[in-house]
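Engineer: Here is what each chain is made of, one letter per residue.
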Amino acid sequence: MHEDDRTEFDDRIDAALRRYADAALFSEPRVALARVRMLADQEPQRRSPWRVWVWAAPGCAAVLIAAFALWMLLRVPQAAQIAWTPKAPGVASVVRHADLQQGSEKRNTGSSSSLRHKQQRQSFAQQDNSFARPGAERRLPKQEVFPTPEPLSLEEQRLLAFVTQAPPDVKKQVIEAQQHLGDPIQIAALKIRPLDEDEKQIDSTRKDLR
Amino acid sequence: MSSEDEAAFAGLMERQWRFACKVAWAVLRNVADSEDAAQEVFLKLLRSGGWRDLRDERAFVARAAWRAAVDRMRLDRQRGPLPPDEEMAGADAGPEAVVVAADWERAMRGLIDSLPEEFRQPLVLSAEMNSREIAAAMSVPEGTVRRRLMRARQLMREKMAALEERRYARG
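Which chain is which? The protein sequence lines are A and B, in order.
Under the working numbering, the first residue of the first sequence is numbered 1, with each subsequent residue one higher.
Under the working numbering, the first residue of the second sequence is numbered 1001, with each subsequent residue one higher.
EDC-like mimics (lysine to aspartate or glutamate), calculated; alpha carbons at most 16 Å apart, straight line: (1) LYS1159/B / GLU1105/B; (2) LYS1159/B / ASP1113/B; (3) LYS1159/B / ASP10/A; (4) LYS1044/B / GLU1057/B; (5) LYS1044/B / ASP1071/B; (6) LYS1044/B / ASP41/A.
Listed below are several chain A residues computed to face chain B (Cβ distance under 8 Å; list not exhaustive): (7) PHE9; (8) ARG18; (9) VAL36; (10) ALA40.
Which bits of chain B does chain A cover? Going by a derived footprint, with three or more residues having C-beta under 8 Å, they are: (11) 1008-1016; (12) 1029-1036; (13) 1119-1128.
In short, the hints are calculated from the structure, not lab data.
Each residue gets a CB set at the ideal place from its N, CA and C atoms; glycine is no exception.
Could you build all of it, start to finish, from the sequences and the hints given here?
Structural biologist: Below is the structure:
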């Protein structure tokens, strides 16, 4: 504002502005100084909030790295295992044969087919641990299973039952019969002795009865 | 803190305490709040030790006090502001009543208080600082400060003229 433009009112404004703040009764500087010093002594130096992160950040990073490493370990696929190794025939056959017998009894007594299937499923589940998936107990991680476990077919079950239950001489005969499947059939020569008197009477009586 | 430092800090407060209070009062218009804002400025200076390196302590104190006052005013707006000191502000009595009573000083205070904040603050600070110092304290361009000062005086002139017209019309 130019000095020429100033009016009496501007002078009044300036005078009022000088008194405007001067009229306020502020404390004396030494009183304020004592108060500031007292506050500075009372309150400890406030720690910078970033100082907390000096320890917190590496800690958080270590936890994250450990969690990631653990996750990677669990995630690595394990080598496929051959879960089902054929066992000696006698191990599972007892149960299976008993189940088969039980199934045949049920069939004879006229039980329903659904009950029969249910019992068969239960018996298959109990008979051999090799049918269970190796990772089923642990649930996770899921592992590959080779070969895929399946229950034995009816023919396999009968064959297994025969092998384990049949007497040795019968087995031997069957094996020998298998070896001579292509041979011609030989029938021994018949030797018939003549009838004696008693046999003739019996034979005649039979004819009379007819 | 050594005795020399204590003496130096006491000298700083002796020189700048009332100035800081006035700058804060230009914003807050309350003695207690203004002293709190000024106290906050010197407390921070004492804790940080930055008061030893001040090149222009008056400009620094003006800027720091103004910012502290503005921050406090924002908090007061959230919490509900303290009323201005009654003996200082003539707004309660009303400019018309003051003029009718021929109390020019109170009338001028009433007019100053009735100005919008953006004009009132630089106008009140102009009693202590020039426009460049006000601009530095308020962090606005110097031209803006000058424009607001002119506008503030113009508003006061218009209001005073209107009040005097009413006074003479009544009287």
